[in-house]
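Asks: Here is how the chains run, residue by residue.
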Amino acid sequence: MKDVLAKVVDTAAQKFGAEYVEIRAQKLFKTMLTIKEERVEAAKQGIENGAASRVLVNGAWGFASVGTLDAETLTNAVSDACEMAKAASQRLKTPIKIVEAKAVEDKVLIKPRKDPSEISIDDKLNTTLTMSSTVLHYDDHIKGCTVDYLDSTGTTYFMNNGGTYIEQDELYIWSRILATAKQASVFTFSREEIGSTAGYEIFDVETPEIVGERVAKRSVEQLKAKSPKGGTFPTVLGPNVVGVFVHEAFGHLAEADLTLSGSILSDKLGKKVASDLVTFYDDGTKEGAFGSFKYDAEGVPAQKTLLVKDGVVVGLMHNRETAQKFNAKPTGNARAENFRFEPIIRMRNTFMEPKDYSFEELVEDIKFGYYLKSFRGGQANLNGTFQVGIQEAYEIVNGEIGAPVRNASISGNTLETLLKVDAVGKDFELWPGRCGKGQIAFVCDGGPHTRVEEVLVGGSA
Amino acid sequence: MVALNQEETLSLAEKAVTLTLRKGAEAAEAFVYQGLTSTVSIERGQIAKSSRIIDSGLGIRAIVNRTVGFSYTNILRSKSGIEETVLKALSSAKASRPDEDWHDLPAKKPFPSVENTYDNEIVKLHSEDLVKVASAMLNAAEETDKRVFPIEGGVGTSYSSIAVANSNGIEGFDHGTVVECSLATIAQEEGRVTPVCFEFNVERRYDINPEWVGKEAARLAVSALKTKRMKTKNTSVIFTQFALQQLLNFTLINAVKADYVQRDQSAFKDKIGEKVASEKVTIYDDGLLNGGLRTWKFDGEGVPHQRTLIIEKGVLRNLIYDSYTAKKEEKESTGNASRAGYLSTPNVEATNFHFVSGNKSPEELLRDVDEGLLVYYLQGAHSSNPASGEFSVVATPAWKIENGTLAYATKGTMLAGNIFQLLTNISALANNERKIGQLVAPWVLVENVKVVGK
Chain S
1 MKDVLAKVVD
11 TAAQKFGAEY
21 VEIRAQKLFK
31 TMLTIKEERV
41 EAAKQGIENG
51 AASRVLVNGA
61 WGFASVGTLD
71 AETLTNAVSD
81 ACEMAKAASQ
91 RLKTPIKIVE
101 AKAVEDKVLI
111 KPRKDPSEIS
121 IDDKLNTTLT
131 MSSTVLHYDD
141 HIKGCTVDYL
151 DSTGTTYFMN
161 NGGTYIEQDE
171 LYIWSRILAT
181 AKQASVFTFS
191 REEIGSTAGY
201 EIFDVETPEI
211 VGERVAKRSV
221 EQLKAKSPKG
231 GTFPTVLGPN
241 VVGVFVHEAF
251 GHLAEADLTL
261 SGSILSDKLG
271 KKVASDLVTF
281 YDDGTKEGAF
291 GSFKYDAEGV
301 PAQKTLLVKD
311 GVVVGLMHNR
321 ETAQKFNAKP
331 TGNARAENFR
341 FEPIIRMRNT
351 FMEPKDYSFE
361 ELVEDIKFGY
371 YLKSFRGGQA
381 NLNGTFQVGI
391 QEAYEIVNGE
401 IGAPVRNASI
411 SGNTLETLLK
421 VDAVGKDFEL
431 WPGRCGKGQI
441 AFVCDGGPHT
451 RVEEVLVGGS
461 A
Chain B
462 MVALNQEETL
472 SLAEKAVTLT
482 LRKGAEAAEA
492 FVYQGLTSTV
502 SIERGQIAKS
512 SRIIDSGLGI
522 RAIVNRTVGF
532 SYTNILRSKS
542 GIEETVLKAL
552 SSAKASRPDE
562 DWHDLPAKKP
572 FPSVENTYDN
582 EIVKLHSEDL
592 VKVASAMLNA
602 AEETDKRVFP
612 IEGGVGTSYS
622 SIAVANSNGI
632 EGFDHGTVVE
642 CSLATIAQEE
652 GRVTPVCFEF
662 NVERRYDINP
672 EWVGKEAARL
682 AVSALKTKRM
692 KTKNTSVIFT
702 QFALQQLLNF
712 TLINAVKADY
722 VQRDQSAFKD
732 KIGEKVASEK
742 VTIYDDGLLN
752 GGLRTWKFDG
762 EGVPHQRTLI
772 IEKGVLRNLI
782 YDSYTAKKEE
792 KESTGNASRA
802 GYLSTPNVEA
812 TNFHFVSGNK
822 SPEELLRDVD
832 EGLLVYYLQG
842 AHSSNPASGE
852 FSVVATPAWK
862 IENGTLAYAT
872 KGTMLAGNIF
882 QLLTNISALA
892 NNERKIGQLV
902 APWVLVENVK
912 VVGK
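Residue numbers (this note's numbering), protein chains in the order written: chain S, 1 to 461; chain B, 462 to 915.
Isolated chain S (complex conformation) (with noise of 0.2 Å):
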């Protein structure tokens, strides 16, 4: 495989002018279930092998991709994106640059306990149909469950014209519990994602009935549960949402790409835009967690980067091209989801750094508001915007948990949300997702329980 990377840099190079060049290839192999209810909708295993070339030439990306390995191909290949290059630069006012990055050879080699490639599909099938059987057979009020599963294993290798080579091995495991219950006319919905680099063993903790049972609850419990008030109140907010919080209502605004665009965050760096008690990281080097990795598709090592540190700004995630904007090193936050797409700033595990508050402590003082404990999707604006729809909350009735609420969603402005954070749990839990920009990234997030002085809780009519 190097030789083949190798002659197709050196066409890049050497025939073109450009002054960049990289090819990323990839040998992968999958397999996928679907269980609805009790059926086994299809048991499907492929093949995905590809690579894409991406070029700077006068100052312009070309970017190709193909469906193959074969050496005249991706010669093809580099020499299309070079000729696309040239064609994007013509009217092109500031010409892109890339900030320097240390040349890297590497071979990473990923030793998991239990390789999925190694268990059989029965074997994963057993694990699925339990989580699907737990779900089912919880309550007479569950009335469906769809579980999906995914692995994905192989090899990626990387190589660039500045004297880097990687090969790394790639291993995700990933599965998805939604539940649906119905009494009457109500229907609930509940879903739970289970996501692991470490490897099969992932089921060792989280195990079907764990997971089956916890999903089926939330579904059974959320029957019960009233419509929130709407209207501004103060709000605990748990792990789970804390961190997708995190990630979407802060942490695309820090993609140092988005950043550019003009999200709220273009001025703010160095300054001040959280309580004291905010302090935020996206880090790709937490072990086994699903939004890690050792090196990211231009060849960085991943690391832990510090967002926000005591409430002020203090970094943001880039590529090399942003990196060199701001004058900054690159962070390992290019990611792209295989060779179909071309590296973009993406989020790896991002969290908010725990603190002092037990949960008895962050609710007691609070005479009316809201326990938002697992969230159902989240999104954000550039302008800092930010909706986060929930799917396990509770009403806080003088400092204790009362009665379940369901369809709660709350909204606002990201900074002036973050300012109100008057208070920080000492606990911690990452819990993994699926972040989309136009791509797929596995990605964790997490944090504390936190609570919001006041927030914004959209009601259901």
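Treat the hints with care, since some could be wrong.
Pair ranges (Cβ atoms, derived) [to be verified]: (1) 539/B x 287/S: 29 to 39 Å; (2) 6/S x 562/B: 35 to 45 Å; (3) 210/S x 467/B: 47 to 57 Å; (4) 440/S x 565/B: 26 to 36 Å; (5) 892/B x 329/S: 26 to 36 Å.
Residues from chain S that face chain B, not an exhaustive set, calculated with beta carbons under 7 Å [stated by the list, open to error]: (6) 168; (7) 260; (8) 415; (9) 437; (10) 439.
These aren't lab readings, by the way, just hints derived from the structure by calculation.
Keep in mind it's a predicted model, so treat the numbers as computed, not measured.
Glycine residues also receive a C-beta, built at the ideal position from the N, C-alpha and C atoms.
Starting from the known structure of chain S, arrange chain B on it as the hints suggest.
Replies: Below, chain B without anything else, positioned relative to chain S:
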């Protein structure tokens, strides 16, 4: 261009079916997808990138003893690679569990003809041509107003071909083209930033208007600069197609899928023949729509596309089916089996989900509203409850309507309610139909929507 022509693609699919049967399957199906996408991208105010993605592959379904196995590969040139894929499909089937409801792959039926789904002009475009289109769009945006910053966008073309063959004699080939230009902008003034404003134009034929896209994306951003909060109240809301698509994607469209109804996850269970929407609402799922973005001759299983009446003057008439869900009810598939290229087995999905237009212009629709809200996009629609249809979302950008005109852009406004309730409160549809993903619809006026402000 893509690697295989029509004959080679069909022959590959047929060979894969024959081999799967020979290796022990009772029934077999092969699906071949080829795609070529070319893009010129705008990043932060300039054209900075051009890319091409070529992707092709083969997916095989093997059926053994009422169990279904699936395998795919993107290595099409090697005979041993295909044989390995066949064997993996069979081993997947053998490891899987029998399904009592499995009957058969679909039978052969004649394919309809479709119009305006392929344009050779699109296939012939080069990067240089796309750069010109992107420049025109960018210039139009920048000339509209200095406060506008085009953050991202681009121009793209794609060609794709599909072929399907099965052991019941189905063999089909179709191909199509798409051209698209889009621009996302923000406007900045005195430290204020607008939400991202987006416009686009997508067509199957080479007939797009990049200048209009550039101007509109810029105009929207500027008009979202000055904002006020509005008070919490129930009011009239006009949803543009963007907002409507976001609301319906995970709710109404799922509710009419036979899969969801059979699994008791749809609010439309046992509702055929009943009133589920205002009488102004008539919806077709139209897989044959002239120039539709999801128009093809046949679906992911080789079943002919058709036009299915879903809601007629507010009354639910039909659901959408693939062949598995249809056979469960001893019905015929409506041609709604969808696939993610060669990577997946078929799933029930809408084709072109077509709201029949009303006869008012958008200006007339606006003029009829004494007090209300015009909502362009929603944030967080994917967090609605898909089964019950309950939603609680941010409307941004959105404009307050007073006495039939746009008064000001709003800030921090949420909408809450139930999509199925909302359907019964539709009071008028405009005549400005457009295509957005699977939705084909005009602006829609809905009464009595809960708006949560201050």
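Asks: Now tell me if each hint is right for this structure.
Replies: Hints versus structure:
For the pair residue 539/B and residue 287/S, the beta carbons lie near 38 Å from each other, so the given range of 29 to 39 Å is met. At roughly 54 Å, the beta carbons of residue 6/S and residue 562/B sit outside the given window of 35 to 45 Å. Take residue 210/S and residue 467/B: their Cβ atoms lie about 52 Å apart, and the range 47 to 57 Å holds. For residue 440/S paired with residue 565/B, a C-beta distance near 34 Å keeps the hint of 26 to 36 Å intact.
Taking 26 to 36 Å as the suggested C-beta distance range, the pair residue 892/B and residue 329/S does not conform, at roughly 55 Å. For residue 168/S, the interface hint is violated, since its Cβ never comes within 7 Å of a Cβ in chain B; the closest pair sits about 21 Å apart. Of the supplied interface hints, the one on residue 260/S holds, with its beta-carbon coming within about 6 Å of a beta-carbon of chain B, less than 7 Å. Interface restraint check for residue 415/S: the shortest CB-CB distance to chain B comes to about 12 Å, outside 7 Å, so the restraint is violated.
For residue 437/S, the shortest C-beta to C-beta distance to chain B is roughly 11 Å, which exceeds 7 Å, and the interface hint is violated. A hinted interface residue such as residue 439/S counts as satisfied when its beta carbon comes closer than 7 Å to some beta carbon of chain B; here the least separation is about 11 Å, so the hint is violated.
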